[in-house]
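A.B. asks: Taken in sequence, the protein lines are chains A and B. Residue numbers for the first sequence follow my numbering, beginning at 1 and rising by one. Residue numbers for the second sequence follow my numbering, beginning at 1 and rising by one.
One thing to keep in mind: the hints can contain errors.
[Stated by the list, open to error] If you only want the chain A side, here are some residues facing chain B, beta carbon under 10 Å, derived:
id : residue
1  : P9
2  : V13
3  : G16
4  : K42
5  : G43
6  : Q45
7  : F46
8  : T63
9  : L65
10 : K68
11 : A78
12 : F89
13 : A91
14 : T100
15 : F103
16 : K105
[Claimed, not checked] Under the rule of at most 25 Å between Cα atoms (straight-line distance), these lysine to any residue pairs were calculated in the SDA-like manner:
id : chain 1 : residue 1 : chain 2 : residue 2
17 : A       : K42       : B       : A61
18 : B       : K57       : A       : D31
19 : A       : K56       : A       : K42
20 : B       : K9        : A       : M108
21 : B       : K9        : A       : E39
22 : A       : K105      : B       : N26
23 : A       : K42       : B       : L113
24 : A       : K68       : B       : F12
25 : A       : K68       : B       : E24
26 : A       : K105      : B       : Y10
27 : A       : K42       : B       : T101
28 : A       : K105      : B       : K57
29 : A       : K42       : B       : R44
30 : A       : K42       : B       : N53
31 : A       : K56       : B       : F12
32 : A       : K105      : B       : T111
33 : A       : K71       : A       : G41
34 : A       : K71       : B       : A61
35 : B       : K70       : A       : T100
36 : A       : K71       : B       : F12
37 : A       : K42       : B       : N26
38 : A       : K56       : B       : I96
39 : B       : K9        : A       : Q45
40 : B       : K71       : A       : F46
Note that these hints are calculated values from the structure, not bench results. For each residue, glycine too, the CB sits at the ideal point set by N, CA and C.
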Amino acid sequence: GESVGLHLPTLSVQEGDNSIINCAYSNSASDYFIWYKQESGKGPQFIIDIRSNMDKRQGQRVTVLLNKTVKHLSLQIAATQPGDSAVYFCAERLNSGYSTLTFGKGTMLLVSP
Amino acid sequence: DGGITQSPKYLFRKEGQNVTLSCEQNLNHDAMYWYRQDPGQGLRLIYYSQIVNDFQKGDIAEGYSVSREKKESFPLTVTSAQKNPTAFYLCASSAISSTDTQYFGPGTRLTVL
Numbered sequence: 001g002e003s004v005g006l007h008l009p010t011l012s013v014q015e016g017d018n019s020i021i022n023c024a025y026s027n028s029a030s031d032y033f034i035w036y037k038q039e040s041g042k043g044p045q046f047i048i049d050i051r052s053n054m055d056k057r058q059g060q061r062v063t064v065l066l067n068k069t070v071k072h073l074s075l076q077i078a079a080t081q082p083g084d085s086a087v088y089f090c091a092e093r094l095n096s097g098y099s100t101l102t103f104g105k106g107t108m109l110l111v112s113p
Numbered sequence: 001d002g003g004i005t006q007s008p009k010y011l012f013r014k015e016g017q018n019v020t021l022s023c024e025q026n027l028n029h030d031a032m033y034w035y036r037q038d039p040g041q042g043l044r045l046i047y048y049s050q051i052v053n054d055f056q057k058g059d060i061a062e063g064y065s066v067s068r069e070k071k072e073s074f075p076l077t078v079t080s081a082q083k084n085p086t087a088f089y090l091c092a093s094s095a096i097s098s099t100d101t102q103y104f105g106p107g108t109r110l111t112v113l
């Protein structure tokens, strides 16, 4: 079946670098996307979301970019800190209106001091 | 202090036993969800409920059961029919809206002895 996927399972960066985590989605009908951060042994934490009628959305130190032409989603973290080390998941909602989310397997971000 | 609580944090079960995982939310959310997470895997949907006294099977419902007698509570029972129950279980809730952002609890780690 169609599912959300990630290009890189592990990303290692130095503190202060900018990080980019990528996600490919396969369903062109998906209309809503979310990025979550999950620290070891904890539940996922909402980071930022974006609707399909937008191509960019910014939060505090994070930016999500959506390219519907190639069905690609990315999360950019500016000035990455050791506390950003975690697994990052993207999720998509497959249809407009109420439906469940489909999650990718996640990317591990490792930030070295 | 609003949020989603899950208990217990760790749970051990002997083979052949049923166990019930608790999930409570005080966010006044209509929808609640149960996911299973295995190491290196994304989240897989077990059951979800959009309204009290109603729930639907997710992708991996076999061996699990739920109830939704109150808006704020959505307990999950892992039955003896679930052949591989050792996993990290996550509960989430969302308001039924155009965005449906799901917020997660801290999780319960279930280990079968």
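A.B. asks: Work down the list of hints and note, for each, if the structure agrees.
C.D. replies: Hint-by-hint comparison with the structure:
no. : hint               : verdict
1   : P9                 : holds (8 Å)
2   : V13                : violated (21 Å)
3   : G16                : violated (29 Å)
4   : K42                : holds (6 Å)
5   : G43                : holds (4 Å)
6   : Q45                : holds (7 Å)
7   : F46                : holds (6 Å)
8   : T63                : violated (18 Å)
9   : L65                : violated (18 Å)
10  : K68                : violated (18 Å)
11  : A78                : violated (22 Å)
12  : F89                : holds (7 Å)
13  : A91                : holds (8 Å)
14  : T100               : holds (6 Å)
15  : F103               : holds (4 Å)
16  : K105               : holds (4 Å)
17  : K42/A with A61/B   : holds (23 Å)
18  : K57/B with D31/A   : holds (23 Å)
19  : K56/A with K42/A   : violated (28 Å)
20  : K9/B with M108/A   : holds (23 Å)
21  : K9/B with E39/A    : holds (15 Å)
22  : K105/A with N26/B  : violated (29 Å)
23  : K42/A with L113/B  : holds (22 Å)
24  : K68/A with F12/B   : violated (45 Å)
25  : K68/A with E24/B   : violated (37 Å)
26  : K105/A with Y10/B  : holds (23 Å)
27  : K42/A with T101/B  : holds (18 Å)
28  : K105/A with K57/B  : holds (21 Å)
29  : K42/A with R44/B   : holds (16 Å)
30  : K42/A with N53/B   : violated (29 Å)
31  : K56/A with F12/B   : violated (44 Å)
32  : K105/A with T111/B : holds (22 Å)
33  : K71/A with G41/A   : violated (31 Å)
34  : K71/A with A61/B   : violated (30 Å)
35  : K70/B with T100/A  : holds (21 Å)
36  : K71/A with F12/B   : violated (42 Å)
37  : K42/A with N26/B   : holds (19 Å)
38  : K56/A with I96/B   : holds (24 Å)
39  : K9/B with Q45/A    : holds (17 Å)
40  : K71/B with F46/A   : holds (22 Å)
Going through the hint list in order, the structure does not satisfy hints 2, 3, 8, 9, 10, 11, 19, 22, 24, 25, 30, 31, 33, 34, 36.
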